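J.: Each chain, letter by letter, is given below.
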Amino acid sequence: MSLNRRDFLKLSGAGAALAFTGCASQSGAAARGHVVVVGAGFGGATCAKYLRQWGPNLDVTLIEPNDNFVSCPFSNWVLGGLRSMDDITHSYDKLPKHGIRMVKDSVVAIDADKRIVRTQGGVSIGYDRLVLAPGIEILTDSVKGFQEAEAAGKVVHAWKAGPQTALLRKQLQAMPDGGTFVMSVPAAPYRCPPGPYERACMVAYYFKQAKPKSRIILLDGNPDIASKKALFMWAWNTFYPGMIDYRPNNAPLAVDGNKMTVSTEFDDVRGDVLNVVPKQRAGTVCELVGARNDSNKAWCTVNLATFESTAAPSVHILGDSVQSNLPKSGHMATNHAKVCAAAIVDLLAGRAPDPIPVVANTCYSATSGSTAGHVANVYRFEAGKGYVSQPEGGATSTGDEANFHYAESWSQNIWAEVLG
Amino acid sequence: MNQTTTLIAASLIGLGLTSAASAADRHTEVIAATCMSCHGPGGKSLGTIPSLVDLKQDDFVKRLQEFKSGKRLSSIMKRHAAGYTDAETEALAAYFASLQ
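The listed protein sequences correspond, in order, to chains A and B.
The numbering used here applies: residue 1 is where the first sequence begins, and numbers increase by one.
The numbering used here applies: residue 1001 is where the second sequence begins, and numbers increase by one.
If you are wondering where the hints come from, they were derived from the structure by calculation, not from laboratory data.
Nothing here was measured: the structure is a model prediction, and the numbers come from that model.
Note that CB positions come from ideal geometry on N, CA and C, so glycine has one too.
Please note that the accuracy of each hint is not assured.
Only part of the chain B face toward chain A is listed, based on derived beta-carbon distances under 10 Å [stated by the list, open to error]:
#1 H1027
#2 I1031
#3 C1035
#4 K1044
#5 L1046
#6 L1055
#7 V1061
#8 K1062
#9 S1075
Among chain B residues calculated to face chain A with C-beta under 7 Å, some are [to be verified]:
#10 R1026
#11 V1030
#12 S1037
#13 S1045
#14 L1073
#15 S1074
#16 I1076
#17 K1078
#18 G1083
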């Protein structure tokens, strides 16, 4: 089966009214064309919504293999017992009301010259602009023994929220009091810089309630706490003294799911529950257009004012897959998406995109069952410099109840913004 | 409010979320949309974070200026308010007022 834009218009019943105008040259022209968005996470779903909002004449197709959206932000709260899997699982059902055509499938090939994507289900879909928002690919073969231990259900990364989050929660619940939880963190760049340290807080919070003789060993591939250092040091000293053994410069080399050990170059560390987060790279679909083109062939370089790939014309890349100084956060991905949607609408209407977009990041981390802290920055794009962080941006050095309530409200609002 | 800002505000109120926005309008629309990641779609918040559509235009500007100067204490908003120019703040106020 092959679906080009004309077929899509037939399917959507809009074909008679719409003529394809490509890049109309007059200012004020409406953007027309077919934009295909791959991945309905924070970046992709937001981009699809805003493409339709700012380009109401655009045809937008959103391709996503999963039945539901499971939020990585707040998945650590599940490990702490503050939220359930149901709380962080949300439906895609409201997206079609924006005029977005949802396709439940995976993209397996892209012909960038002919501008066609092909799906696992055998459908070919033509596009005028393509947006790739796949999130991360976790390099499970970068830690010896991980794939075997993962397949046996003994060791998880739980760095994509979903079944592994639920399994890790079960493993923690089954662990006897006095046991040891070993978590390993990759060297930056990785998804969600404060995530590992928030996870340590949440697991410690759970242990303090349910099994207070237990302890946590945090093996960090980084030379120091990579994000919100003051906040997490404050939380560990205030709420969990003696519980968290933090070891910087301890990248994992191997894991053994039978002996239940994580090996670094210094030591074999035994635990009752092991949580190994391997290093990552841009989502697999990016490789289909050769877009993993940074110096390590891991992340995608883009024009940061439009998020168009420097490797593949008419292909835009959003979110964690992008190489930049912006943090790899879900919140940031929603704002990549807005800049990208605006740029695509303008490009398809024959207008120049805004050359100086401004974006912001806001990220809350829970430090206990009633406290949280944040980091927030505004970034202004400057030609030749990229996104420049503005004065006054930064992180809280301690947590409080107000930030905990703001964090809860943030989750409700951003989920509604992405999916509502 | 300077002339440019007034024009932006007038066009936003007149056209709403138009597909034919000028680059200046789009600049404001994108920043406003980034506000919504915390303050909720359309600036209508669920929970503790304040809604933005309930603010009068002048109050919006005054509040952001006071966050920026530190006259008004805030948890997080000084970090955000300080990142925008006065013209952007005024255009955002007009934009959110237009959504009411």
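J.: Could you run down the list of hints and mark each one as holding or not?
T.: A quick look at each hint next to the structure:
no.: 1; hint: H1027; verdict: holds (5 Å)
no.: 2; hint: I1031; verdict: holds (5 Å)
no.: 3; hint: C1035; verdict: holds (8 Å)
no.: 4; hint: K1044; verdict: holds (9 Å)
no.: 5; hint: L1046; verdict: holds (4 Å)
no.: 6; hint: L1055; verdict: violated (16 Å)
no.: 7; hint: V1061; verdict: violated (17 Å)
no.: 8; hint: K1062; verdict: violated (18 Å)
no.: 9; hint: S1075; verdict: holds (5 Å)
no.: 10; hint: R1026; verdict: holds (5 Å)
no.: 11; hint: V1030; verdict: holds (5 Å)
no.: 12; hint: S1037; verdict: holds (5 Å)
no.: 13; hint: S1045; verdict: holds (6 Å)
no.: 14; hint: L1073; verdict: violated (11 Å)
no.: 15; hint: S1074; verdict: violated (10 Å)
no.: 16; hint: I1076; verdict: holds (5 Å)
no.: 17; hint: K1078; verdict: holds (6 Å)
no.: 18; hint: G1083; verdict: holds (2 Å)
The structure fails hints 6, 7, 8, 14, 15 (numbered hints given earlier, in ascending order).
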